[in-house]
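Build out the structure end to end from the sequences listed, making use of the hints.
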Amino acid sequence: MMDERELIRRSQKGDGEAFGQLIERYKSKVFKLAYGMIGDRSEADDLAQEVFIKAYYALPKFQFRSEFGTWLYRIAVNQVRDYLRKNRHRLDELSIDELGETIPGVSGSSFEERQLADKRRSLVQTALRRLPDKYRTILALRDMQDLPYEEISRILAISPGTVDSRLHRARKKLREKLAAIVGGKGGDYGL
Amino acid sequence: MDCKQAEWLLLCAFDGPAEDGRRAALRDHLAGCPACRAKASQYGLIRDVLKGSADPGPLPYFRQRVLAKLKEQERTSPVRMWLKWAHRAAAFSLAAFVLFGAGVLLFNPQEPLELTQVETLFLRNENPLSDAASVLDQKGAEDKSMMLIFASADLPRR
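Protein chains in written order, with this note's numbering: chain A, 1 to 191; chain B, 1001 to 1158.
These are calculated hints, taken from the structure and not from any lab test. In this text the structure is predicted, and so the values were computed from the model without any measurement. Each residue gets a CB set at the ideal place from its N, CA and C atoms; glycine is no exception. Careful, some of the hints might be misleading.
Unchecked claim - Listed next, the stretches of chain B that the computed footprint assigns to chain A, with coverage defined by at least 3 CB atoms under 8 Å from CB atoms of chain A:
no.: 1; segment: 1030-1044
no.: 2; segment: 1063-1069
As the list claims (entries may be wrong) - Short, incomplete list of chain B residues facing chain A, as computed with Cβ under 7 Å:
no.: 3; residue: Ala1024
no.: 4; residue: Val1049
no.: 5; residue: Leu1050
no.: 6; residue: Lys1051
no.: 7; residue: Asp1055
Right, here's the structure in full:
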């Protein structure tokens, strides 16, 4: 298998095959980030494609000063934030039930258990959508992608200390939003 | 342990389990605090959903679709393709311009200086007023005028 540096160099010269291999290596990560922040598979797929297209045209400017993955994540974060800014109203209008349909359920054995798991997932996704972009981004990078603090700090260009405090605030805010959505009927969702 | 410390520990649990002593203290606090128990349950749900987020993965033929889109864009928009290389072209043009400028400055042959007649005379260590003196020394006004006319007729040639 070709070394990543070599793949990048070849892609910079316009080698589609080499860029294809880079896509193969990073498509899941980029998609997962977009999906985690948006919660819709088809939209996340479109966004992930856009990220790779942007990256291809920006590749000649990549000078190996950072990891390629970090650089790509930075493009992805900006792309998703841009999308969220442009589609805020449309996304806000999506109801919990609509969201439930976009999120596939995997856990639980019985139909009821799967339904409950889907409902819980939808609730968290709905609460996530109501968070400011900066909190949503950091939760996607840390709690969904499991990236280390140092890498998140490089992607977002903030100090590791700020990553830590923003992450705590984001989790706290998410819980508050979740509590506000569930209100008095937390028992229905096993909360 | 108070509620604030308990919540701090619940938040830290996202990054990994706390040490045994702290976990036991948290358990004791939760046993006697329904509000924190509710929070713990909500944080637990959030953690499970975020960390174990079902990832359906991108739609099939992702790579092929991206590459096809790129080809399509390059075909329909050569400008975009040009822009991809534009910064290199700009850097190259700038370097060429600087080199050309430096070349012109270094190798431009200087035109020889043309000296006036007075400067030529000074250079030869001669008195530039000697010509004028011979005119002014004429006794007759007519001779003086004639010599001045001849001298002025010579001026354009100098």
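Evaluated hints:
Residues of the segment 1030-1044 of chain B lying with their CB closer than 8 Å to a CB of chain A number 5, which satisfies the three-residue condition for coverage. Beta-carbon proximity to chain A at under 8 Å applies to 5 residues in the segment 1063-1069 of chain B; the threshold of 3 is reached and the given coverage holds. Given the 7 Å rule on beta carbons, the hint for B:Ala1024 is violated: about 22 Å separates it from the nearest Cβ of chain A. Proximity of B:Val1049 to chain A holds as hinted, the smallest CB-CB distance being about 4 Å (cut-off 7 Å).
Nearest Cβ of chain A to the Cβ of B:Leu1050: about 4 Å, under the 7 Å cut. The hint holds. Hint status for B:Lys1051: holds, given a least beta-carbon distance of 6 Å to chain A, under 7 Å. Given the 7 Å rule on beta carbons, the hint for B:Asp1055 holds: about 5 Å separates it from the nearest Cβ of chain A.
Hint 3 from the list above is the single one not met by this structure.
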